[in-house]
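Undergrad: Chains as they are written, first to last, in my numbering: chain A, -17 to 178; chain B, 151 to 611.
Where hints are given, some of them may not hold.
Below, a list of computed lysine-lysine pairs in the PhoX-like style, where the Cα atoms sit at most 20 Å apart [said to hold, decoys possible]: (1) B/K154 - B/K313; (2) B/K409 - B/K159; (3) B/K536 - B/K509; (4) B/K154 - B/K312; (5) A/K32 - B/K465; (6) B/K414 - B/K159; (7) B/K532 - B/K507; (8) B/K465 - A/K38; (9) B/K226 - A/K13; (10) A/K176 - B/K414; (11) A/K176 - B/K409; (12) A/K149 - B/K312; (13) B/K232 - A/K17; (14) B/K602 - B/K450; (15) B/K507 - B/K602; (16) B/K313 - A/K149; (17) B/K159 - A/K176; (18) B/K426 - B/K395; (19) B/K313 - B/K159; (20) A/K18 - B/K509; (21) B/K159 - A/K13; (22) A/K121 - A/K77.
Covered stretches of chain A, going by a simulated chain B footprint (3 or more residues, C-beta under 8 Å) [what the hints assert, rightly or not]: (23) 42 to 50; (24) 153 to 160; (25) 163 to 169.
For the record, the hints were derived by calculation from the structure and aren't laboratory data. We put the beta carbon where it would ideally sit given N, CA and C, even for glycine.
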Amino acid sequence: MEKFTTLISTAVPLNIENVDTDQIIPARFLKATDKKGFGDNLFRDWRFNKDGSENKDFNLNKAQYTGSILVAGDNFGCGSSREHAAWAIAGYGFKVVVSSFFADIFKGNALNNGLLPVQVSEGFLNDLMTIIESNPSSKIEVDLSNQTISVLDSELSESFEIDAYKKTCLINGYDDIDYLINNKELIEAFEAQKTY
Amino acid sequence: MSKKALFDKVWDSHVVSSIENGPQILYIDQHLIHEVTSPQAFNELERRGIPIFRPDQIVATADHNTPTLNQDQPIKDALSRKQLEQLSQNCEKNNITLYELGHKYNGIVHVMAPELGITQPGITMVCGDSHTSTHGAFGAIAFGIGTSQVAQVFASQCLLLKKPKSLRVTVNGTLKKGVLPKDVILYIISKLGTNSGTGYFCEYAGSVFENMSMEGRMTVCNMSIEMGARGGMIAPDQTTFDYIKEREFAPKGKAFEEKVAYWKTLPTDEGAIFDKEYVFDADDIEPMITYGTNPGMGIKITEAIPEEDTLSFNKSLQYMNFSAGERLIDKPINYVFIGSCTNSRIEDFRVAASFIKGKQKAENVTAWLVPGSKQVEAQIIKEGLKDIFDEAGFQLRQPGCSACLAMNEDKIPQGEYCVSTSNRNFEGRQGQGSRTILASPLVAAATAVEGKIVDITEHLN
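Sequences are here, hints too, so could you generate the full structure?
TA: Here you go:
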């Protein structure tokens, strides 16, 4: 897994609540047996019209919005457990998703792929959306070590929570498999004396 | 001794160890896999040279991406075919039991595991599918995981997790005529919203669930994820034990009796504390339908769509081509789907058949009846329900996830409404541009016969 420490980037706003994983990557694109290429179909049915042309009204297609931070509405990533959603977002080039609330499974999937979910307050999210929409070249800094998200050259800043273990994993590029395999003996001992 | 909830008892007995200020190592008893979310996990282990730790605790089925017609013939779609071939190869290489297409035990993962007795009270169970919450109906801790976690369980039979908080939803009373378990869960989600359960495991308690069949309990627990809860659970009782007894993988004889004695210790202790509690009255629940693009957007079938003015609400209604304040009774419907891991068990087809018997499918309606497994399919034929469907102009298809997520060719066309017994009404869920209205199998059957949404309670009286 790629390491994550600090990121400074512009951001793409997606002011929609309850963005589900079927919108992030529709089921018809889940037939691949590897992790590559999902970014091409990220938000497929919002990004493209039925005839395959780009939907000019969708923010990912607007030239003014760039960068590797996606800022989305409340309850992002609800629905299916498909990790293809995290692969699609990371594959497209995002490294951070900001929202006021994340669905459980998506959040775990993102963290397992080096994609950082940053949960902020509703007030901060609204302010952030407004700043990006009025000045798309605003630079945002996500500092994982200090657990802060700030808009550069502004007062807007907030700290965010992250599980201490997951933080260590991201900073060092470890994943859970390494940890679990190193604990094989404990697991075997547990199996030998299961009480249920 | 402190009072413990069902969830705490099962969780705590599976903790291998805890990381200070971090997650716990949770032992997983049963791992279910299917063709869509497992290939990348197999690849990952192979790439890293890690063997599958406990292949005998994994069961595989093909369900998400399978055709529901002509299953005996080669699959036309090359990508789908490849995905299934890869599952077969991976299972063979790693000594994993696979019920592939056409096998007598094949079916939707959340239908076949319970009917084989694989799902049992007090166990932990995972699958790369969010509707794994279904198995909580037996008093198991069961939840959906991502593919990285599938790889973790392959490698260690464990997961690193923070213990979720506990939530209890109690519904007491007697359900009205025509109100099915699907209506109960759609009602609960409409009251609580799509993220009230996020971070929680939910126990369903009260007389409504105590009096429900296992099929009904599975329908309820199945949709826990639609309110954000990773899992839902119902305390095991005599109904649970009777369902499991004599099933293929259930313990037999004395071993079964010993298990039952243990299972009886699992229900929540009186006085146990939950982090969040909600109480509802069965009297308030009526047949439900959804009008929007998430499962929380549900109303009683006779109600009008509520008035709300937010960006997301308006976007949702615009997609559905509905207006605030509109009633959906008499709305013409051209597509009906009875199936999915929510409602494709024998009881669901019995309910549908009881309404359809002696009637005819409306001419405008294309109806897909898709059993959850080969065993359900066989039972439908055995009980004569297929004859009822045939005579009424319905076609029974072969088992699979089908139009619930439309990964195969069972897709609802652009702009069409589908009254569906599945679990998600997201934009495009049943095919690009499709519009899903979630309902019970009874409401779906009535819609198919009438060709429009009808007040089912009026029909029954």
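Undergrad: If a hint holds in the structure, say so; if it does not, say that too.
TA: Now for the hints, and whether the structure bears them out:
Proximity of B/K154 to B/K313 is assessed by CA-CA distance (about 14 Å); at most 20 Å being required, the pair is judged to hold. For a cut-off of 20 Å, the pair hint linking B/K409 to B/K159 stands: about 15 Å separates their Cα positions. Between the alpha carbons of B/K536 and B/K509 the distance comes to roughly 14 Å, so the proposed pair stays at or under 20 Å and holds. A distance of roughly 18 Å separates the Cα atoms of B/K154 and B/K312; the hinted pair therefore holds under the 20 Å criterion.
Of the pairs offered as hints, the one joining A/K32 and B/K465 holds, with about 18 Å between alpha carbons and a cut-off of 20 Å not exceeded. Restraint check: the Cα-Cα separation between B/K414 and B/K159 comes to about 12 Å, which is no more than 20 Å; the hinted pair holds. Annotation: proposed proximity of B/K532 to B/K507 holds, straight-line Cα distance about 16 Å (limit 20 Å). Between the alpha carbons of B/K465 and A/K38 the distance comes to roughly 17 Å, so the proposed pair stays at or under 20 Å and holds.
For the given pair, B/K226 sits about 14 Å from A/K13 by alpha-carbon distance, which is consistent with the 20 Å threshold. Of the pairs offered as hints, the one joining A/K176 and B/K414 holds, with about 18 Å between alpha carbons and a cut-off of 20 Å not exceeded. A distance of roughly 14 Å separates the Cα atoms of A/K176 and B/K409; the hinted pair therefore holds under the 20 Å criterion. Pair hint A/K149 plus B/K312 holds up; C-alpha atoms about 14 Å apart against a cutoff of 20 Å.
The straight-line distance between the Cα atoms of B/K232 and A/K17 is roughly 15 Å, inside the 20 Å bound, and the hint therefore holds. Straight-line distance between C-alpha atoms of B/K602 and B/K450 comes to about 16 Å, which keeps the hinted pair within the 20 Å bound. Distance hint between B/K507 and B/K602 is fulfilled; the C-alpha atoms sit about 18 Å from each other, no more than 20 Å. For the proposed pair B/K313 and A/K149, the alpha carbon gap of about 18 Å is at most 20 Å, so the pair holds.
For the proposed pair B/K159 and A/K176, the alpha carbon gap of about 14 Å is at most 20 Å, so the pair holds. A threshold of 20 Å between alpha carbons decides the hint, and for B/K426 with B/K395 the separation of about 34 Å lies outside it, so the pair is violated. Restraint check for B/K313 and B/K159: satisfied, since their Cα atoms lie roughly 12 Å apart, inside the 20 Å limit. Note on A/K18 and B/K509: the hinted pairing is violated, with a Cα-Cα distance of about 50 Å set against a maximum of 20 Å.
Using a Cα cut-off of 20 Å, the hinted pair B/K159 and A/K13 is violated, with the two alpha carbons roughly 39 Å apart. Taken as a hint, the A/K121 and A/K77 pair is honoured in the structure, with Cα atoms around 14 Å apart against an allowance of 20 Å. Only residues whose beta carbon comes within less than 8 Å of a beta carbon in chain B count, and the segment 42 to 50 of chain A has 0; fewer than three means the coverage is violated. Using a Cβ-Cβ cut-off of 8 Å, 3 residues of the segment 153 to 160 of chain A lie near chain B, which meets the minimum of three, so the contact claim holds.
Given a C-beta distance limit of less than 8 Å, the hint that chain B covers the segment 163 to 169 of chain A holds, as 5 residues qualify and 3 suffice.
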